[in-house]
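Participant: Chains A and B, in that order, are what the protein sequence lines are. Numbering that gives the first Met the number 0 applies: residue 0 is where the first sequence begins, and numbers increase by one. Numbering that gives the first Met the number 0 applies: residue 0 is where the second sequence begins, and numbers increase by one.
I should point out that these hints are in silico values taken from the structure, not numbers from a laboratory. Take the hints with a grain of salt, since some may be wrong.
To be verified - Among the chain B residues that face chain A by a calculated CB cut under 7 Å, a handful are:
{"no.": "1", "residue": "N117"}
{"no.": "2", "residue": "I272"}
{"no.": "3", "residue": "D403"}
Here the structure is a predicted model, which is why all the values come from computation and not from measurement. For every residue, glycine included, the Cβ atom is placed at its ideal position computed from N, Cα and C.
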Amino acid sequence: MSANTQFPLCQLPIGATGRVCHLAGDDSFCQRVREMGFGEAALVTKISGTTTSLCLVNGTRIALNHSAAMSIVVEPIPVLGQVSGLREKR
Amino acid sequence: MKLPSHITSTARRRAESASDRTPIYAMVGNPNSGKTTLFNALTGLRQKVGNYPGVTVEKKIGTTWSQHGKPIQVIDLPGAYSLAARSPDEAVLRDVLFGRREDTPQPDRIICVVDAANLERNLYLVHQILDLGRPVIVALNMMDMAAAAGLKVDAAALERALGVPVIPCEAVHGKGLVGLRLAMSRVELPLARHRWDVPAAVAPAVAELQASLTDNEGRAPLVARAEALLLLTDFDTVRVAGSRPLSARTHEILGNWRQRWESAGTDWAATLIRSRYDSIGGLCQDVVVRTREQGPSRSDRIDAVLCHSFWGWVVFGAIMTALLFSIFSLAEGPMDWIESQTTALKGLVNGAMAAGDLRALLTEGIIGGVGPIIKFLPQILILFFFVGLLENTGYMARAAFIMDRPMSKVGLNGRSFIPLLGSYACAIPGIMATRTIENAKDRLVTILVAPLMSCSARLPVYLLMIATLLPGDAVSAGKKAGLMLLMYALGTFGAFGFAWLFKRTLFKSAPPHMIMELPPYQPPRLREILRQMLGRAWLFLKNAGTIILAISIVLWALTTYPKHPDPAATPTEQIAHSFAGQAGHLLEPVIKPLGFDWRIGIGLITSFAAREVFVSSMGVIFGVAGADENPTPLRDALRAARWPDGAPLFTPLVCLVLMIYYVFAMQCMSTVAVVKRETNSWRWPLFQIFYMTGTAWLFCFVVYQMGRSLGY
Ligand SMILES: Nc1nc2c(ncn2[C@@H]2O[C@H](COP(=O)(O)OP(=O)(O)OP(=O)(O)O)[C@@H](O)[C@H]2O)c(=O)[nH]1
Ligand SMILES: [Mg+2]
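Generate the whole structure from the sequences, applying the supplied hints.
Facilitator: This is the structure in structure tokens:
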């Protein structure tokens, strides 16, 4: 899987980390997601869940239902240590 | 930000007047940041605290004392992530802060309660609050959690950066209260050194709205500016009853600007949020130091199991089973003790007084009515112990997580499950808790089905029926718990079924997005749980001592008068002749197909006040038969009851049908009143009475007639 593929958050495997690329969904949902610090460029780690996802964002656990997780598009980050390198590449 | 002179002078004037007027502080912050814990510690009140977001859903005013013994008013508010409210509970916070609530004074000062373990996100709301230009104190709460997460938060640095007092606290351990009270006692508080420029392109809109808000709504200039910023980014403004609406002029300006941006395709909301987060990010760099690398925390490891798609369910099922089982096994002893005491008391009164109406009132009306209810106190305590445990540890939010999938099958999401779970204790707080639901249709559906969850008032009815159905000690607690589980399951499936139906018919809408924070696990605080249990026990006893007592006395009178012309009439003949008996007879044709006679009918009528009244009514009606010399437990009296043709009244089938009736029927005045208030109309409570009681009748009819034809 190349680091440039983007897919909805619900497809992120458990234990993997991704970066939020963009938000789909209605305006008020996007606004709240951003206000919770879950907006573009935030790093998110999936803890568990298949239809309902449990994610770690900025040290908080956030639960999202399937439709919410579908509206958050992420790109995977292979290893957490490479985060800074990826950021420079962008 | 340099403040214009007219603003600083109003601030000074306000500060001056604060010395002779009681200052009003508002507690604001993200959900679950510890506002209520702090509020309780300051005011000595005992508002409900729990480890999940959305515990407080209505404002609460309390009084505390300054360092110099002067009174200070404090308003506890629901938590919110942003002033741009998405749900009714968040709207309460917004409307109180902006002075839109008619019943609440506008607070002059604000305490921002901030979760230090999650500073960046918590500061977002603080950032919006600082725009209001009112004096702010930041309570940097949960310092212990931050330290446990490997974060060093520098309160002094934050204070320097923001220019307002920042007090590190641990509300739950009472730390930092002295400092907070000291800050609150200051006559003058510095205004924030808050540098944040509204992006240039949005500035004209802000200015125009601000002017209109000042002129038409009478807002102070800075409040008007903050409100203008908010209105521009608020997509669908959630309104709650009791809030003043916007003036027509403001509304018009707002509409114009929104339209203009929509056609230009710019996303101002996102820009504004980003610019706030940028400013916060810069701030946090100097304030938060990570002392060790962040790995999965203890809560994350627990969640890997408790939120697992298989193990999560196993644990959830185990907890529910343990709850029901302990209701039967642990409560047995105390229950028997209470029962023997009431029986002894009855005997005592019987022995000490001459036979007559007064003695009958005491033994049959008062002891006979209230005694059977008090007997269930141990079970209520156990139920609330479990509920307290779930709320305290943080499992509540996990239950919502696990239940999201089944809830989505009926068109709701996991968020609706917290109010439903709360309704197992009592539908009233459950219905209040629906304020945390963002989608109005989902909220209404949740309100409509919440009373189907078996609440604690049904417990006495179920228990009495199970005791009548499965007599004596020969039956294991497991079997009784199984039957009880069946009733709980029936109510729960009923709620899901109706939610599904309503979402398909009355309230069609796409399944809304759910985004919910799961708090870190906390060790259960037994003192807090005990306090909540005692609170509930007290409420239960108070109810028994007032409403149920009153109903019992009235019912006793209604069953005693008018007197049967024949003084030698049996107690049953007497009741049949009385007012209550006549009412029961009127109802009998409707309920006979369910296997109920007119005496049960009396109980159905009286228990409309509250379900547990059914038990006390049965105590008054059937207790009389064996009341005279050797009183028997109520369940034996029920088992001895007969139809006129001599057939037993409370057959196992009838007991089962009665339980089913109480699972579904809407038999609670207080719930009706709360639904009326929360939905702001009579339509929904009336609809609820109709559909629930209708279902109860139909379901019971089918079960009874089928049972009869099968020979039961
Ligand atoms: N470890 C720790 N826990 C705390 C502290 N302050 C509060 N808590 C716990 O945090 C949880 C939430 O507290 P509440 O006071 O109900 O929070 P709230 O802000 O009123 O929450 P909402 O009403 O839902 O917005 C409870 O379990 C408290 O016991 C603290 O300083 N340290
Ligand atoms: Mg609270």
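Participant: Min Cβ distance, B:D403 to chain A: is it shorter than 7 Å?
Facilitator: holds, 4 Å
Participant: Have a go at the B:I272 hint: is there a Cβ in chain A nearer than 7 Å to its own Cβ?
Facilitator: Result: holds, 5 Å to nearest chain A Cβ.
Participant: For the hint on B:N117, does the least C-beta distance to chain A fall short of 7 Å?
Facilitator: Since chain A brings a Cβ to about 6 Å from B:N117, closer than 7 Å, the hint holds.
In summary, the structure agrees with every hint in the numbered list given earlier.
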